[in-house]
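*Asks:* Sequence:
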Amino acid sequence: MVQFVPQKIVNESGKLTGVLFKKKDFIRLQDYLETLEDSLELAKAIKESEGFILWDEFVAEIKAKHT
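Just so you know, this note's numbering puts 63 at position 6 of the sequence shown, and the rest follows in order with no gaps.
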């Protein structure tokens, strides 16, 4: 899990209006979110997929076709 403490920006009435991250923390957050998004897309693809075979089965099938 990515951990950092952003600076909070508040208006005159004390309402939170934004946050500031250090550049390295922002990049880490972006990377984390991209990885999370990729993981969710992979999980969805696996759940919805059909017709996959194990790698070893694929290799054996290719070898059998070329011998």
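Hint data in this document are derived by calculation from the structure and do not stem from the laboratory. Keep in mind that a hint or two might mislead.
What the hints assert, rightly or not - Here are the computed lysine-lysine pairs in the DSS-like style, where the Cα-Cα straight-line distance is at most 30 Å:
1) K79 <-> K104
2) K81 <-> K65
3) K79 <-> K65
4) K104 <-> K81
Stated by the list, open to error - For each label pair, taking beta carbons as the anchor points, the in silico distance ranges come out as:
5) A121 <-> F61: 29 to 35 Å
6) E91 <-> Q64: 32 to 38 Å
7) K101 <-> Q60: 25 to 31 Å
8) L99 <-> Q64: 47 to 53 Å
9) V59 <-> I119: 47 to 53 Å
10) S106 <-> E69: 52 to 58 Å
11) T124 <-> Y89: 17 to 23 Å
We put the beta carbon where it would ideally sit given N, CA and C, even for glycine.
*Asks:* So, against the hints stated earlier in the document, which numbers end up violated here?
*Replies:* Result: hints 1, 4, 5, 6, 8, 9 and 11 break, sorted rising.
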